[in-house]
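One-letter residues, chain by chain:
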Amino acid sequence: MSGVKEQTRRTDAPRTVILFHTSSHAFRAEKLLKEADIACSLVPVPRHLSSDCGVCLRLPARDAGRARAILDARGVEIAGIHELG
Amino acid sequence: MALIYLDNAATSWPKAPGVSEAVAHFLDHVGANPGRSGHRLSIEAGRIVHAAREAAAELFGAPDPVRVLFTSNATEALNLALHGLLRPGDHVVASALEHNAVMRPLRALERDGVRVTTVACNRAGTLDPGMLAEAVRPETALIVLTHASNVTGALMPIVDAVQVARQRGVPLLVDAAQSAGAVPLDVERDGIDLLAFTGHKALYGPPGTGGLVLRSSFDSHRLRPLKQGGTGSRSQSEEQPDFLPDAFECGTLNAAGLAGLGAAVRWVLAQGAAQLGARSRARAGRLIEGLRGIPGVTLHGWAEGTPRTSVVSFTVAGCEPSEIGERLDAEHGILCRVGLHCAPAAHRAIGTFPTGTVRFSPGAFTTEGEIDRALAAVASLAGEARR
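Line by line, the protein sequences are chains A and B. The numbering used here applies: residue 1 is where the first sequence begins, and numbers increase by one. The numbering used here applies: residue 86 is where the second sequence begins, and numbers increase by one.
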């Protein structure tokens with residue numbers, strides 16, 4: 001099944017999650033960031049964060065700035081960006 | 086007896102390659118509720134729905150996919166636009182060729198104090214843009230126009246309607262049920278504020294799918310949702326979210342159908358709407374040429390050179406449309422639609438009320454051989470009626 005592959009491998013590198021108002025934006029963001037070769041994955045929103053929709057995009061913290069620029073440029077509204085501990 | 090399906094204006098059949106596989110794949114291997122849970126199957130369901138949204142956005146020129154609001158069909162999209170925009174005291178202009186998907190909501194709104202003007206059309210089934218402009222008043226809140234008549238196949242002057250709407254500062258709602266997939270449409274380029282489409286006609290997708298496309302300049306906050314309910318977003322709140330598309334999409338989506346719609350739209354994009362439309366119009370052209378040569382057959386709402394879809398409406402002297410329809414099916418395996426086609430005003434305009442017409446609507450998969458067999462069948466019935 002294409003696209004279901006989850007990135008479950010844990011690394012020590014710091015990670016960031018991007019939250020969205022609607023899952024439509026989360027799916028659009030996933031596609032745009034993957035096209036830009038940013039290793040991101042859609043995951044359930046961590047319990048300690050509140051979000052408008054149930055999924056968020058997790059990516060390496062070092063790519064967060066580039067990700068935000070891409071999403072801003074394409075008009076994908078971001079509800080929040082959080083560094084994971 | 087091999088069946089000949091000439092009822093594509095009601096619903097197209099067969100469907101685009103890949104549609105049934107996409108629906109089956111969703112039901113057999115994905116199945117979960119998109120945008121609700123965070124598990125992999127829910128995420129995959131969301132991806133599939135989003136891919137359908139992106140495909141529809143590309144086809145209709147919407148720069149942001151969330152401006153494609155999925156509905157169950159064009160009727161729901163039109164109801165969303167009409168009930169969502171019109172308030173008591175507002176005035177709305179429609180053509181006399183509208184389908185009941187427009188006229189019935191308008192008649193219901195009329196009882197709530199919305200005033201409705203329908204602009205007459207000529208017997209060739211076309212609309213005079215000057216008359217459309219004259220019908221607009223200072224309190225006009227909306228112009229609604231079918232892109233193509235489902236009775237005659239005539240394309241309405243959308244370019245002129247856009248000009249009228251812009252000059253008067255009135256939003257334009259286009260009912261593209263008959264044209265989406267057969268005529269290139271681009272809400273941004275064409276200046277269409279709201280476009281209603283269905284998946285099961287010229288997009289060759291499954292029934293139960295459709296949508297309303299909002300032009301980027303149209304403020305979605307002007308639109309009141311038809312319904313409220315769960316969206317999977319902002320679950321802590323009992324208020325309907327106000328962001329797109331969730332504001333207008335609640336309850337579990339027809340994700341299996343949308344999986345099929347996505348496959349259908351991607352096929353239309355690959356083939357080209359102009360090319361697909363030209364193919365079915367070429368079959369209609371052959372049909373018209375043949376029907377004109379059969380004594381006793383009258384074409385309705387047809388004029389040489391008028392831009393049109395593949396819909397052809399006709400009657401046969403001495404034989405009711407209902408009898409023609411029954412005998413075409415029973416004796417020739419030809420499947421078409423007869424009667425009033427859900428648009429009584431359009432039939433009044435072209436002079437075929439109340440008995441209606443026989444409507445043949447070839448699709449992109451109709452062959453010339455099938456058209457020739459249909460013509461032979463009509464010739465034989467018309468010959469019997471003359472005796």
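A couple of the hints might just be wrong.
Per the computed footprint, the stretches of chain B lying under chain A, defined by three or more beta-carbons under 8 Å from a beta-carbon of chain A, are [what the hints assert, rightly or not]:
1) 143-151
2) 254-261
3) 310-321
Where chain B lies over chain A, by a calculated footprint (3+ residues, C-beta under 8 Å) [stated by the list, open to error]:
4) 12-26
5) 61-73
Note that these hints are calculated values from the structure, not bench results. Values in this document were obtained by computation on a predicted structure and should not be read as measured data. Glycine is no exception: its CB is placed at the ideal position from the N, C-alpha and C atoms.
Structure-based check of all given hints:
no.	hint	in the structure
1	143-151	holds (count 4)
2	254-261	violated (count 0)
3	310-321	holds (count 6)
4	12-26	holds (count 6)
5	61-73	violated (count 0)
Hints 2, 5 from the earlier list are contradicted by this structure; the remaining hints agree with it.
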